[in-house]
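Mind docking chain B on chain A? Use the hints.
The listed protein sequences derive, respectively, from chains A and B.
Just so we're aligned: 121 in the working numbering is position 121 of the first sequence, and the numbers increase by one with no gaps anywhere.
Just so we're aligned: 96 in the working numbering is position 96 of the second sequence, and the numbers increase by one with no gaps anywhere.
If you are wondering where the hints come from, they were derived from the structure by calculation, not from laboratory data.
Where is the CB? At the ideal position from N, CA and C, for every residue including glycine.
One should not assume that every hint holds.
To be verified - On the chain B side, residues computed to face chain A include the following (Cβ under 10 Å): (1) Val-25; (2) Ala-99; (3) Leu-111; (4) Ile-118; (5) Pro-154; (6) Leu-231; (7) Arg-242.
What the hints assert, rightly or not - Derived coverage of chain B by chain A (criterion: at least 3 residues anywhere in the stretch with Cβ under 8 Å from a Cβ of chain A; other residues may be distant): (8) 35-41; (9) 169-182; (10) 203-215.
Next come the chains, spelled out residue by residue.
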Amino acid sequence: MAPDGTPDLVDRRAGWLLSAPWCIVLGLFWLYPFGYALVLSFVDVDIFAGHWQFVGLDHFRAVLGNPEFWLAFWHTMVFTFGTVPVTTALSIVAALALNRRIRGRMLFRAGIFMPTLTATVVMALVFVHMYGQGGYLHRLAEMIGLPVPRQGFLLSDATALPAVMVMDIWISIGYFALLFLAGLQHIPGELYEDALLHGAGAWRRFWAITWPYLRPTLLYAIVINLIKSFQVFTEIFVMTQGGPLGSTTTAVYHVYQSGFERFNLGYASAAAFVLFVAIAIFSAIQFRLFSFGRGPED
Amino acid sequence: MGRAEGGPVARSRQDAVLSAILTVVVAAMLFPLAWMVVGSVSPDWNAGWFNPLREGPVWSNYTDLFTRMPFGRHAANSFVVAIIVTVANVVLCFPVGYALARVHFPGRALLYWSAAAILMVPQYILIVPMFILIHQLGWYDSLWAIIVPFAVNPLGILLVRSAVTAVPREVEEAAVLDGAPPWRVVYQIVLPMCRPALAVLAVQVFWLTWNSFLFPFILTGDHARTLPVALAMFRGFQGVDRPHLFAAATLATLPVLVAFLILQRQIIAGLTAGAVKK
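So here's chain B without its partners, still in its complex pose:
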């Protein structure tokens, strides 16, 4: 698209109007987040209606989180879980995806369809039995409970499978003719060619895990609680005041924001993967 009616003058005028509208819309979209950041450094008596430039930001709202609340532990849990789940998915989805794309073993079609079908199963059906299962395993309120079940994501398997399928077979055959053992061909030639798909997978899994609420909420207590669950508890049951709540929310948002600024392209590719037929 990007072509308007009329000459360049009319077009640039249209674009100026569009830019103005977009500026207003984007400012409105970002307002809640900006307000959160301002609210996070306000004194608690008039949170939300104070001017940080005139009155000076209250940084102790942030330090209080670590000294007076177990925020540090929740943050550490979130980091550990998100990083391990992301690495596990990249490491474990690759061999599965490769096998589904290239190894003609009996039951291959069944496994492929299992991954596709699981994507359609709504999570809430599993909340009661998962709660029981995790208790049976003795994992309740441990990080295992929110790492192991999510270590292999069916979407990741499908992503890797289609990436491997796109690698020409001749590439593998040529390497084999050169005398390379099969395992080296897979890991030194096919794997690097799938790097974009693995990046997409990593970004998507990290984002989903970092923001995940339902299962961490069901499967953890005080000890293994992650940031989103802790934030919900701060509001619901622990009566934390608004400035501290917003400071915690701001810190919980920071990692994804920084990651987004660095990896914008991969993130957008990752979150829209599957939408457009290739």
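If we strip away everything but chain A, and leave its shape as in the complex, we get:
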């Protein structure tokens, strides 16, 4: 029965029946593997022989004591905090530009969105060749007179990670620009007309009207970008496979290598959980930082 006392259209007992698809997927493909990963992180296991041995916190100790893990963690931090603010700022600027009533704006929107729409694998492949020796971006950088590594950006440990980061920003802007555009279009136009009547300048209008309305979208955009960046894997696998000299091995790539190249399932699971906790902490900090005060729609 609903709170107001009207009976449900569908019998209450049918609720579980209707929800059955989700219950099955949730149980079998989310909860069971999650529990399994948790168990794996506390045992030494030989999957094929079927030997299990409880080892307590050994895997967690191994993870936290492994300089490779911390280096991978550091690369993930560099990647995340190097890309998220830049992507966010550029996307807001792009959204503000695309929100003006200029001719052909639908075309501009579609164009800026294309790199996002395309599979990450495809964009990564194309960028591999643009970054390589003699590729367009390599030659362009040479022409401007930048100190470029002769063998191409992805084969030098100094430039490989920044190169992957630039590509990530490149392909993410379209998506986040559209998010912010959706946010901008929810702002009532009368607010700007009022502000104009009261003689508010463009700068003041932005901070007094646009910014507060954009804040919920901003929080959402930063949190999902943060979660996505912490998990970066596809670009790394396609472009550098963690190299050269481990300079692009991010945390998730480290988990992948431990589990699927070195077959150390317990260590891989423990490392994944350490990361999970780190992400949860960062997300919580984000929410605290951005949800102080109240948005106009609250």
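Same frame as chain A, but now just chain B:
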């Protein structure tokens, strides 16, 4: 927005400058994709630095994919998986979303929170246990491995739930008073009213599935491999040359591009769903 300082002349001048800047930016954004298409029809000896208008495009790069490589099988896998996963999500998320919105069964709140919480769980935690589970089920390197676990998307459940919640209860009550059986009310009256949300769901799921890499990479081998994984393998281990690689990448991009041109509005709504409070 869309209002600038000053009179119409100043404003149109600002807009002209903005248009010029946007043209340059968008051209730069699209350059890698344009270069991919040009590179896909180049002869392999100078790929990337050739003029297709003068030298003539090499179409055999495309036909080679089907005759000399198992590209056709990877493409068929991608199509089958993306279409089945999309249809499954639309068909299966609707009853779940309806139950969570309208049926007051015990445990409803728990199921709702499970869907919301699962969205927050990072996928990589599951790669090792999923690999083991799929082996235990005997599904490794079969399409089941990349269809069944993704047949119900928690985001889809939440989308449908909020769409059903927005349907006024009076609509249902009126239909019941007219003597319609409950199941018909749900499927012939509530379902059509949720069509926009289901379209958004379908678009988002198709896009995610078509481009998906991590799980197909972990859970398939030669047989069930999808296009993005095949492309990564072409580069990584199989040493396919650049023109063929770009031809494959172009073909892999074509379906989403065509879908985008037809369904631009739904796609943008789909990919930004959840960002703006309604």
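Evaluation of the provided hints:
1. Val-25: Hint holds; Val-25 (chain B) Cβ to chain A Cβ min 7 Å, cut 10 Å.
2. Ala-99: holds, 4 Å
3. Leu-111: Interface hint status for Leu-111 (chain B): holds (6 Å vs cutoff 10 Å).
4. Ile-118: holds, 6 Å
5. Pro-154: holds, 8 Å
6. Leu-231: Nearest chain A Cβ about 5 Å off; hint holds.
7. Arg-242: Hint holds; Arg-242 (chain B) Cβ to chain A Cβ min 6 Å, cut 10 Å.
8. 35-41: holds (count 3)
9. 169-182: holds (count 5)
10. 203-215: Our answer is that it holds, as 5 residues pass the Cβ test (under 8 Å) against chain A, meeting three.
Hint compliance for this structure: no hint is broken.
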